[in-house]
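A.B. asks: Below, each chain spelled out in residue letters.
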Amino acid sequence: GAVVSQHPSRVICKSGTSVKIECRSLDFQATTMFWYRQFPKQSLMLMATSNEGSKATYEQGVEKDKFLINHASLTLSTLTVTSAHPEDSSFYICSARLVGTDTQYFGPGTRLTVL
Amino acid sequence: QKEVEQNSGPLSVPEGAIASLNCTYSDRGSQSFFWYRQYSGKSPELIMFIYSNGDKEDGRFTAQLNKASQYVSLLIRDSQPSDSATYLCAVNQAAGGTSYGKLTFGQGTILTVHP
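For the protein sequence lines, the chains are Y and D, in the order given.
Quick note, the first sequence lines up with residues 226 to 340 if you use the working numbering.
Quick note, the second sequence lines up with residues 50 to 164 if you use the working numbering.
Rather than coming from a laboratory, the hints here were simulated on the basis of the structure.
Treat the hints with caution; some may be incorrect.
Unchecked claim - Some chain Y residues flagged as far from chain D (calculated, every beta-carbon gap over 12 Å):
(1) T242
(2) L251
(3) D252
(4) Q263
(5) L271
(6) A297
(7) T303
What the hints assert, rightly or not - Okay, derived cross-link-like pairs now, BS3-like style, lysine-lysine, Cα gap no bigger than 27 Å in a straight line:
(8) K291(Y) <-> K245(Y)
(9) K91(D) <-> K245(Y)
(10) K105(D) <-> K239(Y)
Each residue gets a CB set at the ideal place from its N, CA and C atoms; glycine is no exception.
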């Protein structure tokens with residue numbers, strides 16, 4: 226149980242394009258999902274908290290207009306990296322919090338490379 | 050600034066030994082504590098969570114929590130080469146605040162189990 230999927234697992238795009246990443250909780254409902262970014266040899270950095278049916282809450286220093294988050298249902302959150310640049314290349318990981326608990330389960334991650 | 054600190058290691062233990070991983074946290078109001086394992090290039094995988102002072106055992110893993118001293122540890126008995134990974138300590142923010150539900154991660158401890 227508590228499986229989270231992400232799609233795509235890997236994406237390569239040209240600078241200036243937009244990329245959408247999907248995060249799905251497959252066997253449980255998640256009113257709250259989280260989006261993290263991880264650069265090589267560094268720890269996870271929380272980007273934003275995605276709440277079903279309401280606006281996402283962004284961490285300090287994260288541009289909300291660049292990283293668009295939509296949480297349209299209890300099992301799906303999407304992150305769109307708009308006008309991607311090479312410095313946005315990173316490992317993006319989502320997690321979903323099991324309703325009624327504090328526990329977060331992570332998706333497998335999406336490796337984004339912007340050329 | 051709420052912080053979670055871990056010794057980055059690397060911690061090297063022989064196969065069959067006990068690996069001891071430690072974590073301290075600064076927010077005295079924290080309620081929930083998690084250990085995740087992350088293999089290179091992969092996303093974090095939940096190993097254990099603990100809420101109450103004392104020990105919690107699950108197979109070869111034992112989590113220990115001491116809220117008075119603000120530390121949480123993970124013991125891995127009969128360590129195997131497949132346990133070689135980065136171990137992330139995560140602490141949930143205190144209930145009632147605007148940050149409730151978010152996890153703060155330590156930098157991770159690299160564990161190497163050699164045959």
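A.B. asks: If a hint holds in the structure, say so; if it does not, say that too.
C.D. replies: Outcome of the hint check:
1. T242: holds (24 Å)
2. L251: holds (15 Å)
3. D252: The claim stands: D252(Y) keeps its Cβ more than 12 Å from every Cβ of chain D (closest is about 15 Å).
4. Q263: violated (9 Å)
5. L271: Incorrect as stated: the minimum Cβ-Cβ distance to chain D is 6 Å, not above 12 Å.
6. A297: The claim stands: A297(Y) keeps its Cβ more than 12 Å from every Cβ of chain D (closest is about 20 Å).
7. T303: holds (17 Å)
8. K291(Y) <-> K245(Y): Judged against 27 Å, a Cα distance of about 12 Å means the pair holds.
9. K91(D) <-> K245(Y): The given pair, whose Cα atoms are some 20 Å apart, holds under the 27 Å limit.
10. K105(D) <-> K239(Y): Roughly 48 Å separates the two Cα atoms, so the pair is violated.
Of the numbered hints stated above, those contradicted by the structure are hints 4, 5 and 10, listed in ascending order.
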